[in-house]
Amino acid sequence: MKFCVLWVPDFRLHALRRSDAALTGRAAALITGEGRKATIAEASPEAKGVTPGVAVTLAMAQCPGIILRPRDPAAEVEAQRILIAAAFSLSPRVEATAAGRCTVDLQGADAVRTEAQMRLCIRELAKAGLSTRIGAAATPLLANMAAQCAGPLLIVSDTRNFLRPLPLSFAAPTLAQTEILSGWGIRTLGDLTDLTKADIAQRLGTEGVALWERAAGKTTSVLRHVEPSRTFEAEWEYEPPVESIEPLFFRLRAFAERIALELRAAQLVAEELTLTLFLEDETDYRRSFRLPEANADLDSWLRVLDSHLETVRTAARVARVRLVAKPIRAPEKQGGLFDTGLRDPAAFWENLARVSAIVGEGRVGTPLISDTHKPDTFVLVKPTELVPAPADPPIHPQRGLRLRRFRPPWPAHVEFAGQRPAALESAQLRGAICAVAGPWHISGEWWKPKAWAVETWHVELREGGVYQLAHTGDVWRVEGVLD
Amino acid sequence: MSPLATMAALRSLVAARFPQKTRRQGVHMPTGVPAIDEALGDGLPASQLTEVVSAAPSSGGQVVLSRLLETTRTARQRVALIDAADGFAPHAVSPDALRHLVWVRCRTFADALASSDVLVRDGNYAAVIIDLRGIAEKALRMQPGTTWHRLHRVIEHAAPAVLVLTPCPLVPAVSWRLVLSTSHGLAARRMSQEQLAATLTVEIARGHVSDAMERAG
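The listed protein sequences derive, respectively, from chains V and C. All the letters of the first sequence, read from the start, carry residue numbers 17 to 499 under the working numbering. All the letters of the second sequence, read from the start, carry residue numbers 2 to 218 under the working numbering.
Note that these hints are calculated values from the structure, not bench results. Misleading hints may appear alongside valid ones.
[Claimed, not checked] Restraint ranges, calculated between C-beta atoms of paired labels, are given here:
1. V:Ser323 <-> C:Gln144: 47 to 57 Å
2. C:His150 <-> V:Met76: 44 to 54 Å
3. V:Val328 <-> C:His29: 38 to 48 Å
[As the list claims (entries may be wrong)] Selected chain V positions facing chain C (Cβ under 10 Å, derived; list incomplete):
4. Ser105
5. Gly124
6. Val128
7. Thr382
8. Asp408
9. Glu476
10. Leu498
[Unchecked claim] Listed below are several chain C residues computed to face chain V (Cβ distance under 10 Å; list not exhaustive):
11. Gly62
12. Arg77
13. Gln78
14. Ala93
15. Val105
16. Thr109
17. Leu120
18. Asp123
19. Gly186
20. Leu187
21. Arg191
22. Arg207
Treat the numbers as computed from the prediction; the structure is a model and nothing was measured. Backbone N, C-alpha and C fix where the C-beta goes; we use that ideal spot for every residue, glycine too.
With the hints as constraints, model all of the structure from the sequences given.
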């Protein structure tokens, strides 16, 4: 799996229910349009018999206690932010694809760990009132399809068999295409991909080819990454103003859920919370809480806020509320008196695993020079958690410019004037040599079948630049630049 | 009003209007190369991106890298090296100066950018070095500027100092761009690292030149 999509079905209704305590556990629906033209856009599971698209009057007849509400853009923004924060806990490369939908680039992520993290995401978002489905697959489009079929998590490993039974609508055909294809008896993606791409191109043109590629899961796209939130605050205006603690605490809980998730996604914690209540009489009440231990733990925040709010008495009703968390890096873990340990060991190892998956196994680590004179022989070892104290400086430190290698070395042709190289020619580099040092002969493992021997020169080109040449047998190579 | 007074008034106005500028003047990490440390004011600034351009071959880019490794090793700070062209030679540095290093040997430029995206967010590194030397200039230029702007945004809120070593001026809107343009010859091979580092000269192609001159007196 390379991508995953987090999708919240009926997102706008979920967002609304998060923001309005009166809707909790009740039959509710989101309406669109006005007056007699108003219809149901999304309905909660409690609203039995009410389906999207029916007229409001019909919905009220079907479900007498139903609560009808228009869209709430502010609540949707808040819910979208919590979804994005959850997506950032999976990977730093996140696209806010649409309202209630995020696509995450999982390149380099460990599969087992990521699956566990996805399940955790689903649980946390459900606690925050967003019932989320996650689909993971090889391309963003496939992941999106998987999310629509997920219950609540689906990881697609066999793309062909996954796509085959899906209805044609998953490939988003146009109306005209749907009519033509249904006339041909094509109902599923498998039916369509049974036809060859060339046949489709001949009959339906380029749009048909694009449809076929979507149906075959071969379409991919470039994600437009979003930035994680850097301001950890939330604000809400009450209309009408409130005078009891319940609506205040309901709102603060929703804020705290979102801010805590955003902090964790940014690998930060809060050291201080600031609560501001803007009152109806144009005054405000402000209180900062320094947390006993910096954290991003929702329950401990709510305990602090709840126990304080119960003691608050204001002269006027609360018209607006704001919660701000002051972020800091997670404090360093306690180590020995002279230890220089890791600030966040879990993030360190997880990020190394992620980078290792990006660049390849065995290509990340601390270099350890092998006990041999053979050039460029080393191994990469696991970094230590503690940076040890430095050793005494070497008795004979290296002098001069340092080598930067060309891997693999560049094959070259060297012309000699007497015993010294006079000109160098390779595909990447050529020029007259104005100064040389060397040669240095080194060899080793002469007792083994794979004995090695190399002659090394340092040459300075007239145009500038000092290069290291290696001569093995009849072959010359430019090993690197002394820089 | 004298030019000096005008300048002072202008500075205080800028400081009042843009308080984040003063916030940036925080922790610096010495590189061990006097010319660079003087130009930047005590070394690489934390939470900022600094670009060092190796405009000529053998202009000392690798000396800067090895001096930074040695200095951070002495301070026992962890360093990540994201090596886009896989050019780092461990033998060119003393074995002890490698023990705090996490070396990422990339295969492509895209690998380097993806790895940078992960590691600059990690709070465990004091410095992240992104070495793009050895990558074709054309490939570097094809990368949209938004990639770098995104990295800037991430670094602003992250702890490490980020050094980008490039073969040509590359990073848009970078805080500091220093150019190493003097090519050294074979004569430098007998010089100690301290002597060599002391002879390196940098040209400030982008940055707060007046601040640097003021510090230098």
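* Could you tell me which of the numbered hints above are not met by this structure, giving the numbers in increasing order? => 4, 6 and 22
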